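Asker: Each chain, letter by letter, is given below.
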Amino acid sequence: MTEAHGHGPLLSVHGIRKSYRSGGGRLDVLRGVDFTLDVGDFVAVVGQSGSGKSTLLHLMGLLDVPDAGEVRLAGSRIDHLPATRRDRIRNTAIGMVFQAYHLLPELTALENVLAPLMVRHGVIEWLRTSAAARDTARGLLDRFGLGQRLRHKPRQLSGGEMQRVAIARALVTRPQVLLADEPTGNLDETTGAGILDAVCELNRRDGLSIVLVTHDASIAHRANRIVRLTAGRVEQLEPSAD
Amino acid sequence: MYKLLLCWRYLRTRWIALASVISVTLGVATMIVVNAVMAGFSHEMQTRIHGILSDIVFESHSLSGFQDPQWHMEEIRRAAGDSIAGMTPTVAVPAMLSFQVRGQWVTRQVMFIGIDEATHAAVSDFGSYLQHPENRRQLSFNLRDGGYDTADSQAEGPGPSRPALGGAGWPHRRMRVERERIWQKRLEEQEGAAAGRAEPTRPIDAQVDAVLAATGDEAATAAAPAPVTDAGTEEAAPQNPFATARPEQGRTMDPATEQFTGVVPGIGLASFRDSKGIDRFLVLPGDDVKITFPTAGTPPKAVSDTFTIVDFYESKMSEYDSNFVFVPIAALQRMRGMIEPETGIASVNSIQIKLKEGANLDEVRNRLRGAFPAELYAVSSWRDKQGPLLSAVDMEMAVLNILLFLIIAVAGFGILAIFFMIVVEKTRDIGILKSLGASAAGIAGVFLGYGLFLGLVGAGAGLVLGLAITWNLNQIRAAVEWWTGQTVFDPSIYYFFKIPTIVNPMTVTWIIIGAIGIAVAASVLPALRAARLHPVEALRHD
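Protein chains in written order, with my numbering: chain A, 1 to 242; chain B, 1001 to 1542.
Note that these hints are calculated values from the structure, not bench results.
It cannot be assumed that every hint is accurate.
As the list claims (entries may be wrong) - Covered by chain B, according to a simulated footprint, are these stretches of chain A (three or more residues, beta-carbon under 8 Å):
| id | region |
| --- | --- |
| 1 | 60 to 66 |
| 2 | 113 to 124 |
What the hints assert, rightly or not - Below, in silico cross-link-like pairs of lysine to any residue (SDA-like), each with a Cα-Cα straight-line distance of 20 Å or less:
| id | chain 1 | residue 1 | chain 2 | residue 2 |
| --- | --- | --- | --- | --- |
| 3 | B | K1354 | B | S1128 |
| 4 | A | K153 | B | S1128 |
| 5 | A | K153 | B | K1354 |
Every value quoted in this text rests on a predicted model; they were computed, and no experiment measured them.
Cβ atoms here follow ideal geometry from the backbone N, Cα and C, with glycine treated the same way.
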């Protein structure tokens, strides 16, 4: 799984610091983290609860801005861009998957998958492109075995199905990178394994660059590289067991 | 695109928000109905006011008036240019109207107005308010031979019943004279039987008494009074009674075939409406009345004369209907001594001016004010004459609209509260949308759009409801009256038989815009709050 290496860094953070105010004191979550994801790489970020791995993922996904340091996408700094530019990058270049699925309860499975494209396009443009978008979304849901559940609302789906819809939603924009935050955390072992297989296949077959945050070492070992976060710092890098 | 979809989905799944819209609906409906009724009343009132008053009234300050109305009219035409459609001179003096009802004298304070019967109808709607169809076409101060309307000619639908007017006119006059002759005859018989007894009060004025005394023999031989309905056909029409309206000095007149100078009093002076909606009359066309008025000159002296009622007018403005009495201008000028003996030039104290369609009322008035000295003449438009009333109505409407708009504002606060609730409820969804790349403006747009949708739904439903109520208001009134047994709208008070409504599209448009605007304004704060949510915190929200 090394043929994708050598294409250079895709998403990197340099000297990232982030702290939160909590209960009158300051909680330093990240204290100078350096981390690089290469094109086609699959990195697992592991650490204890509260080690700052989710915060790191949010900063890479531009959901939050660092107190210090920078975030670079394909070499250009993106963390200091104006909000609308960051929104645009988040919409086009980054796909995110969360532990709690985070589907919109009012929308059907298909509409949830289409949501990023609807966010991107105005009404007119949407009407022009919706047919193609629907085909793409249906294809993705088919691929994840949800071809029969297009019109179901999230509450009618099981946890594994919801997470697969969420992955399809993350992929529908053809992002450069997939950021997954404990995607199997809410699922039983079998279902979680199925989701993990699907994620791994995205990297192996499609060459998608992936950052996977988990606290489970067995899951982390499916990645090419593991980054351990301890007390807000990158503690060690260890090669994947693969 | 997601904004539309989410608005639509929220609209369909959040019924609580729709409940808040009901207050917008009710507010809009109420405003539409109230405005329509107010506009209806206001329009009706202005029509009534304007119906009696001409567009512009040109009058002298003095009761004696000014000489040579012809010259004044030429000057007015010169000053006002070609915006004048018609003019007519009038003489108006305060007077007292007295008539006898069952032996008792009833006296009313009136405005006695001399009008030119040929031209007066051209400057106001006066003619259309009369009770005889012929008089509505062309006013005549000659008593008509029956044929007065027994129902209100202006009511669109069943108006009040006026059975008494069926026998009015010459038939009524003849019957009355007959009755008095019989009465007189009996009196004389009684007098003959019991000489020396005090004379009883006689029901009509001395002049008629004198006539009766002179023709007493005739009365004795006359047949019993013919029934009212047959009288018109049995007896020959009176020969030009106007020519003999004022018998020459020394000659007595026959009240059965001759009349005094005709007058047209307001219907309110002579009638009242009973609880069943039937108009009862104290006097009828054909009866004689006495009017006391001041002569021209200094100081004015009061003179009295007898007149015959020939018709009633009903403008439905009770202020006019119970105050004005119209008389031929030439007769009034002569009786008041307003005609100069040497030259024969008559004075008038006002000129009624009607403007052409589309002429600017205030501009013409101002031009006339500039052309004539203000110390001698007062020039006022019909709006000026009723200025305080009209502005009071306008003020009332404005205040009512403000109050009603506050209802919609209250609905706005309801929307505000519910939207804050929805934003809290949807915090995670907002975080999700942000993680998908939705901008702050886009998130705000979802909630503003939602507010707009709610406003549109509320205002739309309010529009439908308001128009439905307005267009069926009289049926609703009837239903409410039937249900409660209470009279909601008493025609005897308002002189209307149904509630007048005018739906002004402009007003309705503003109400709708205002309601939608308030709904959107109420969603601004929640929308801003939603837009400012931190995506990470929003995603963590439970």
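Asker: Count the residues of the region 60 to 66 of chain A whose Cβ falls closer than 8 Å to any Cβ of chain B, and tell me whether that reaches three.
Answerer: Three-residue rule met by the region 60 to 66 of chain A, so holds; n is 3.
Asker: So if I understand the rule, the pair passes when the alpha-carbon distance is 20 Å or less; does A/K153 with B/K1354 pass?
Answerer: violated (73 Å)
Asker: Measure nothing beyond the straight line between the CA atoms of A/K153 and B/S1128; if it is 20 Å or shorter, mark the hint as holding.
Answerer: Not OK: A/K153 and B/S1128 at ~71 Å, beyond 20 Å, violated.
Asker: When I compare C-beta atoms, does the region 113 to 124 of chain A have three or more residues closer than 8 Å to chain B?
Answerer: holds (count 8)
Asker: Next pair to validate is B/K1354 with B/S1128; report whether the Cα-Cα distance is within 20 Å.
Answerer: Satisfied, since the Cα-Cα distance of roughly 16 Å is no more than 20 Å.
Hint violations for this structure: numbers 4, 5, all remaining hints satisfied.
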